[in-house]
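Asks: Sequence:
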Amino acid sequence: MPKPRLNTQATPASSSRKPAGAIPRFALYGEPARPGEELLHIEEVQSRSRLYHWEIDAHLHQGLYQILWLARGWADVMLDEWRGRVEGPAAIVVPPGVVHGFHFAPETDGMVLTLSARFLVEGEFEAVGEAFRLLFSSPGVLHFSQEDGETQRLSAQLSELAAEFLLPGAAEAPVLRWLARAVVWRLARASAQGQREGGESRAHQALFTRFLLLVERHFLEHWPMERYASRLGLSTQRLNRLVRAERGCTALELVHDRLTREACRRLVYIAAPAASLALELGFEDPAYFSRFFKRRTGQSPQAWRRAHTGQAVRG
0 MPKPRLNTQA TPASSSRKPA GAIPRFALYG EPARPGEELL HIEEVQSRSR
50 LYHWEIDAHL HQGLYQILWL ARGWADVMLD EWRGRVEGPA AIVVPPGVVH
100 GFHFAPETDG MVLTLSARFL VEGEFEAVGE AFRLLFSSPG VLHFSQEDGE
150 TQRLSAQLSE LAAEFLLPGA AEAPVLRWLA RAVVWRLARA SAQGQREGGE
200 SRAHQALFTR FLLLVERHFL EHWPMERYAS RLGLSTQRLN RLVRAERGCT
250 ALELVHDRLT REACRRLVYI AAPAASLALE LGFEDPAYFS RFFKRRTGQS
300 PQAWRRAHTG QAVRG
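Residues in the sequence shown are numbered from 0 upward in steps of one, following numbering that gives the first Met the number 0.
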């Protein structure tokens, strides 16, 4: 039986969506975000996408986690700087703060699950919390096979969750949380299985996941590699071996890649001078940031911004 594959690599492609100014922040797409609001919501892809002619423009959710389940059809997907076409069956995982947008093929069939962390980690934190952290450690796409029994079980579980959501008083009942936890747990298990297909042991993969989570929390602080290694109980040499086995690069290169992706995202979506963004990214010297960015991308920050927004933005 074919297993799901975790895929976060795709060839960059141009997009017709050219955001300008601040990135829209929503609770659900088109609905204003309410600070502190707790949310557990599920709906069919078609119910909202039809209203926008199957085009969901670039936006983000603050503090909300989203799973888009494509049962049938396809979507051109944007996750930060990543672009790619995703065909169902597949699950698109969107952590908070990730800029994302979709162009769906008409009549695409699927579900969109949006939730706050509280609904998943209350109570059985050890079991559910670990699955939650694994699944949402980074944005990505989980591909499934139409013939796989796991695909059918996920579709059935999401359909049951959607039916329960429409019942009177469902928000106060625990069934919604149980079903949402089951969906997250099942997808986290599929993600782990896909990663293990690379041949690394479960413990090895868990250690690498911990490193990725540390990077996500601290890359703007420019931690030295010795500090990352120490937090993981490793030497820097062992940390580099771990990262090279998983990604084919050194630990420092992985951190620099994350920093570069964040710089690219802010240059496109935040209309602030490059020097100001450099400070936000932890670079005290804007000139050093420019050299770092050009070494990583082949372009200056200003040139990269112009090329990717289609307009001259003062930098």
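Worth double-checking, as some hints may not be accurate.
Within a straight-line C-alpha distance of at most 20 Å, the following computed SDA-like cross-link-like pairs (lysine to any residue) qualify [stated by the list, open to error]:
1) Lys293 <-> Pro272
2) Lys293 <-> Glu80
3) Lys293 <-> Arg240
4) Lys293 <-> Leu251
5) Lys293 <-> Gln236
6) Lys293 <-> Asp256
7) Lys293 <-> Glu279
8) Lys293 <-> Ile269
9) Lys293 <-> Glu283
10) Lys293 <-> Arg257
11) Lys293 <-> Arg264
12) Lys293 <-> Ala306
13) Lys293 <-> Gly281
14) Lys293 <-> Arg305
15) Lys293 <-> Glu245
16) Lys293 <-> Leu280
17) Lys293 <-> Leu278
18) Lys293 <-> Val174
19) Lys293 <-> Thr308
20) Lys293 <-> His307
21) Lys293 <-> Ala191
22) Lys293 <-> Tyr268
23) Lys293 <-> Ala274
24) Lys293 <-> Ser275
25) Lys293 <-> Leu219
26) Lys293 <-> Glu261
27) Lys293 <-> Arg265
28) Lys293 <-> Ala271
29) Lys293 <-> Cys263
If you anchor each label on the Cβ, the simulated ranges turn out as follows [to be verified]:
30) Trp73 <-> Glu30: 21 to 27 Å
31) Arg290 <-> Gln145: 46 to 52 Å
32) Ala274 <-> Arg209: 32 to 38 Å
33) Glu106 <-> Ser144: 17 to 23 Å
34) Gly297 <-> Leu251: 15 to 21 Å
Bear in mind the hints are in silico, worked out from the structure with no lab data behind them.
Bear in mind that the values here come from a model prediction, so they are computed numbers and not experimental data.
From the three backbone atoms N, C-alpha and C, an ideal C-beta is built for every residue, glycine too.
Asks: Hints first: check each against the structure and report whether it holds.
Replies: Evaluated hints:
no., hint, in the structure
1, Lys293 <-> Pro272, "holds, 16 Å"
2, Lys293 <-> Glu80, "holds, 17 Å"
3, Lys293 <-> Arg240, "violated, 27 Å"
4, Lys293 <-> Leu251, "holds, 17 Å"
5, Lys293 <-> Gln236, "violated, 28 Å"
6, Lys293 <-> Asp256, "holds, 13 Å"
7, Lys293 <-> Glu279, "holds, 18 Å"
8, Lys293 <-> Ile269, "holds, 19 Å"
9, Lys293 <-> Glu283, "holds, 17 Å"
10, Lys293 <-> Arg257, "holds, 15 Å"
11, Lys293 <-> Arg264, "holds, 15 Å"
12, Lys293 <-> Ala306, "holds, 14 Å"
13, Lys293 <-> Gly281, "holds, 17 Å"
14, Lys293 <-> Arg305, "holds, 14 Å"
15, Lys293 <-> Glu245, "violated, 26 Å"
16, Lys293 <-> Leu280, "holds, 15 Å"
17, Lys293 <-> Leu278, "holds, 17 Å"
18, Lys293 <-> Val174, "violated, 52 Å"
19, Lys293 <-> Thr308, "holds, 17 Å"
20, Lys293 <-> His307, "holds, 15 Å"
21, Lys293 <-> Ala191, "violated, 35 Å"
22, Lys293 <-> Tyr268, "holds, 19 Å"
23, Lys293 <-> Ala274, "holds, 14 Å"
24, Lys293 <-> Ser275, "holds, 17 Å"
25, Lys293 <-> Leu219, "holds, 18 Å"
26, Lys293 <-> Glu261, "holds, 14 Å"
27, Lys293 <-> Arg265, "holds, 15 Å"
28, Lys293 <-> Ala271, "holds, 19 Å"
29, Lys293 <-> Cys263, "holds, 11 Å"
30, Trp73 <-> Glu30: 21 to 27 Å, "holds, 26 Å"
31, Arg290 <-> Gln145: 46 to 52 Å, "holds, 49 Å"
32, Ala274 <-> Arg209: 32 to 38 Å, "holds, 34 Å"
33, Glu106 <-> Ser144: 17 to 23 Å, "holds, 22 Å"
34, Gly297 <-> Leu251: 15 to 21 Å, "holds, 19 Å"
The structure shown violates the earlier hints numbered 3, 5, 15, 18, 21.
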